[in-house]
Amino acid sequence: MNSKSIVDEKLHAAVADSTTGLPLLVRSEMLPAVFPVDLLVPDARQQTPAVGQRVIRTDARQHGLGQTPYIDDMVIPGMLYARIKRAGVASARILGIDTREAEAMPGVMAVITGRDIPVNSFGPSLQDQPVLATERVFHAGDGVAAVAAVSEQIAAEALAKIRVEYERLPAVFDPLEALKDDAPKVHPPAGNIYARKVICRGSVEQGFADSKHVFEQQYRTQMVEHVPIEPHAAIALWDANGRVTVYSSLGRITLGRADLARTLRMPINRIRLVGTFVGGNFGGKNEITQEPVLALLARKTGRPVKGVYTRTEEFTASTTRHPFIMDYKTGVDSNGRILARKVRLVLDGGAYCSWSETTLGKAAILSTGPYKIEHVHVEAMAVYTNKTMTGAMRGFGAPQVCFAYESQMDEIASTLDIDPLEIRMRNAFVNGSISPTGQVLHSVVVRESLLNAARRMNWPEVDS
Amino acid sequence: MIDISLTVNGGRHELSVSPETTLLGLLRNQLGLTGAKLGCDVGDCGACTVIIDGRSVNACLMLAAQADGCSVLTIEGLATREQLHPIQQAFEVHASLQCGFCGPGIILSAKALLDGNPDPSRQDVREGLSGNLCRCTGYAKMIEAVLQAACVMRGETEDVDGKSKAGS
Amino acid sequence: MKKRGRGIACMWYPIGFTVAANPSAATVKINEDGTATLLTGTVETGQGALTVLGQIAAEALGIAADDVHVVSGDTDVTPMDTGAIASRTTYVTGNAVKLAAEKARAILFEVAAPMLGVRPEQLEARDRKIQVQSFPQRHLAIGDVALQAQSVKGQPAIGSASWNPPTVPMDPDTGQGKPFNTYVYATQIAEVDVDDETGEVDVLRIIAAHDCGTPINPMLVEGQVEGGISMGLGFALQEEILFDAEGRQINPNLTNYIMPTSMDMPEIEVVFVDNYDPTGPFGAKGVGEPTSVPTAAAILNAIHDAVGVRITSLPATAEKILAAIKSRGTDGLKNIKA
Chain A
1 MNSKSIVDEK LHAAVADSTT GLPLLVRSEM LPAVFPVDLL VPDARQQTPA
51 VGQRVIRTDA RQHGLGQTPY IDDMVIPGML YARIKRAGVA SARILGIDTR
101 EAEAMPGVMA VITGRDIPVN SFGPSLQDQP VLATERVFHA GDGVAAVAAV
151 SEQIAAEALA KIRVEYERLP AVFDPLEALK DDAPKVHPPA GNIYARKVIC
201 RGSVEQGFAD SKHVFEQQYR TQMVEHVPIE PHAAIALWDA NGRVTVYSSL
251 GRITLGRADL ARTLRMPINR IRLVGTFVGG NFGGKNEITQ EPVLALLARK
301 TGRPVKGVYT RTEEFTASTT RHPFIMDYKT GVDSNGRILA RKVRLVLDGG
351 AYCSWSETTL GKAAILSTGP YKIEHVHVEA MAVYTNKTMT GAMRGFGAPQ
401 VCFAYESQMD EIASTLDIDP LEIRMRNAFV NGSISPTGQV LHSVVVRESL
451 LNAARRMNWP EVDS
Chain B
1 MIDISLTVNG GRHELSVSPE TTLLGLLRNQ LGLTGAKLGC DVGDCGACTV
51 IIDGRSVNAC LMLAAQADGC SVLTIEGLAT REQLHPIQQA FEVHASLQCG
101 FCGPGIILSA KALLDGNPDP SRQDVREGLS GNLCRCTGYA KMIEAVLQAA
151 CVMRGETEDV DGKSKAGS
Chain C
1 MKKRGRGIAC MWYPIGFTVA ANPSAATVKI NEDGTATLLT GTVETGQGAL
51 TVLGQIAAEA LGIAADDVHV VSGDTDVTPM DTGAIASRTT YVTGNAVKLA
101 AEKARAILFE VAAPMLGVRP EQLEARDRKI QVQSFPQRHL AIGDVALQAQ
151 SVKGQPAIGS ASWNPPTVPM DPDTGQGKPF NTYVYATQIA EVDVDDETGE
201 VDVLRIIAAH DCGTPINPML VEGQVEGGIS MGLGFALQEE ILFDAEGRQI
251 NPNLTNYIMP TSMDMPEIEV VFVDNYDPTG PFGAKGVGEP TSVPTAAAIL
301 NAIHDAVGVR ITSLPATAEK ILAAIKSRGT DGLKNIKA
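Protein chains in written order, with the numbering used here: chain A, 1 to 464; chain B, 1 to 168; chain C, 1 to 338.
A few of these clues could be false.
[What the hints assert, rightly or not] Pairs of lysine to aspartate or glutamate, EDC-like flavour, derived with a Cα cap of 20 Å:
id	chain 1	residue 1	chain 2	residue 2
1	C	Lys178	A	Glu374
2	C	Lys178	A	Glu379
3	A	Lys185	C	Glu246
These aren't lab readings, by the way, just hints derived from the structure by calculation.
So here's chain A without its partners, still in its complex pose (with noise of 0.2 Å):
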């Protein structure tokens, strides 16, 4: 396939001599095409109007030829790279933290704890996460100070010779426990419920009074991490003027850059927050993780800082989904028409709110499903525990709480003999229908949803 690539033995060294403290390339002949390929664009690019054509993205023939800059494939010369420590243990005061050892290191240009971050805490809607806990540890994931070095393999190895002494403290991992009174508290003095929804309309009470039949069950879901195949990554830079430039796999710069202004408290227009193609997000990546810390290693230093989370750290040191425990209680008419829902979410929103609350919002406004029910409560909750932090993930508690209204729907449909798409049928909302919020719905297609993959799926009763 390379009959025609070319020799560049110049670009070559190049690279070679950017990368600090690897061994240089002896000597190489060719070189592939990694420049772009000169090729007829696909015609529904060409194609007017531009609405509903099947447009090739403009990324695609990067992202085929592996050509796409990622942030990890971004060099700057003089680049350092960053680790963080993290903590190990769930919920400990710290009483120590000795960097000396990994300071002297060959090789090891910075190392920075929470006291080195002007504003230690962050957060969309609590600031109630520290960059980098200084006095305590509230959960495992936690990152305990951070280390710059001339390459991945020494800034790894000086994590190792840095010295945390901890004094264990109560910790609460059972969102339910995390409710009782004499639970530990995870952020103290506050108490572990951060956050509260209620949603109600009618009278359930008077609903239930009304119904045929009432079904109650409760339901659970896990903790679910998002993988997205790119790890989350940033490079901070520094300019004369005291600037600051950071590369990062954020999917929301806006509020990014607010954050790194109060962090590192300074103007924002001193900032420049760099949205680079980022390798997957499902929410994962809408909130800063250590781009304080590169930028503050960046300035200690005076060189580039890059960091790129490991496999790990993705699961222990960013979000997660929320773990739902759900109680439904639900009752209908000899129809099965729904009259009535109740609703208790407890989600366990791990060591920090993060997202928690758009979370719980959506969960809860979203809890009594597509259908029109005149009397509905709704009671949702967010809960610290000592785990690692829950935050956005696709769906926002949304395919938490259709897991539970769907299954609810079916068992009701069997005890009462009504065909699972029938008894949704019956109940979806339509145009004009009323939500548990007291909004009128527009441009609703329940059914018509329903109906259309009934169809295709041959579903028996569809027609009937």
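Got chain A; can you put chains B and C on it based on the hints?
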């Protein structure tokens, strides 16, 4: 340091590497070939897949020194100046990649599959891609693209849009 | 023995988010040859947002997707955007892009109107031309108008705009209010085989009928649905972060945290449910997140249909299903009033 010599994308390289350098580290940091990605560093995700002597391997698991005397194909060596490889073209037309991070590895796994089995079944393709994780696409458009590319490589269609050759 | 079952699940999902305003701004610059550059503060995270936003700008300007270059994600360069979150990009950023493109287009209409001898409001932009509505034979090439605007009239065609979905805050005691401007709706039906001797589930087929308003790019919508289903399948059957008694993760790696591979995925049929939302750009709403919402419920209902056990805690692993089959499980279900 260990002196090695290997062929990468048709070009010969003589290099000196430390014993712990992985093939992925060599490709990315020394040769500037960043198409192969570091996704997990333990051979679970397949983002670092390259082809060595016709076989797809996880470059994060192989030491550079083990590649001495081998011929390595990375994603950068698959296209020429004039032409995308049929798999690359099919992936483009079918929007088979979304974030793209797993793409180089998946495309090379697909190439290794088609080189060994020019007429794979859908199930063969599923198996051929099963060592590469993708979180964005559900693999559906990748599988379509690989089957389409196989048709093109067998000469049954002229291009990945599925236009038939005249007279066929 | 393998038993087959089918399960249905439908859902609704809001576009945008609740806690605060979630605006987007955009700038569209029409170049002097009639091509254009779009500046947006959102970020491409794989969903194809930049392609779709380019199509929206192109549609408003009457040019093709390839005529629009999209610049994104740089706080020094691009206008404010709430970001790639909450399935809001096509709807919220898309509305901002459309408004910005219309502002830039209005400059072209002003310049073209005297050249065509009509008023600006009689013009439309189509097929790379500025033309008189209902009289397409009276037209100018968009590039000629753009050049005239910039080099003769000294009015480069640039438009900036922002958009924020109108909402009403929720009452803290009752939750009454209008938290979102619009919602999407969908149904997925799963067909599964369950081995009643091992508890193993094989998801064979999923029909996914989704409403996203106008699909701006049907191919990319299909990609979102297929990807969302894979995430929903993992949620249903495989994925779980486990902790030891000390609160440390047991399986923080892809060896022991099992997620779907190409071997696990069913055949997926994507069905677009016809819809047009007048509040969205060219009728579009959004599609990113809702695609993974009903999948687990549909699969779990299909498992119940196949082997008669209802698993009430996810993931529904083979062990859990087998245990429920063995205990003739209804898993503690209650119908307290029947």
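To see whether the hints hold, each was checked on the structure:
1. C/Lys178 to A/Glu374: This hinted pair holds, its Cα atoms lying about 17 Å apart.
2. C/Lys178 to A/Glu379: Given pair C/Lys178, A/Glu379 holds - Cα atoms ~18 Å apart, limit 20 Å.
3. A/Lys185 to C/Glu246: holds, 16 Å
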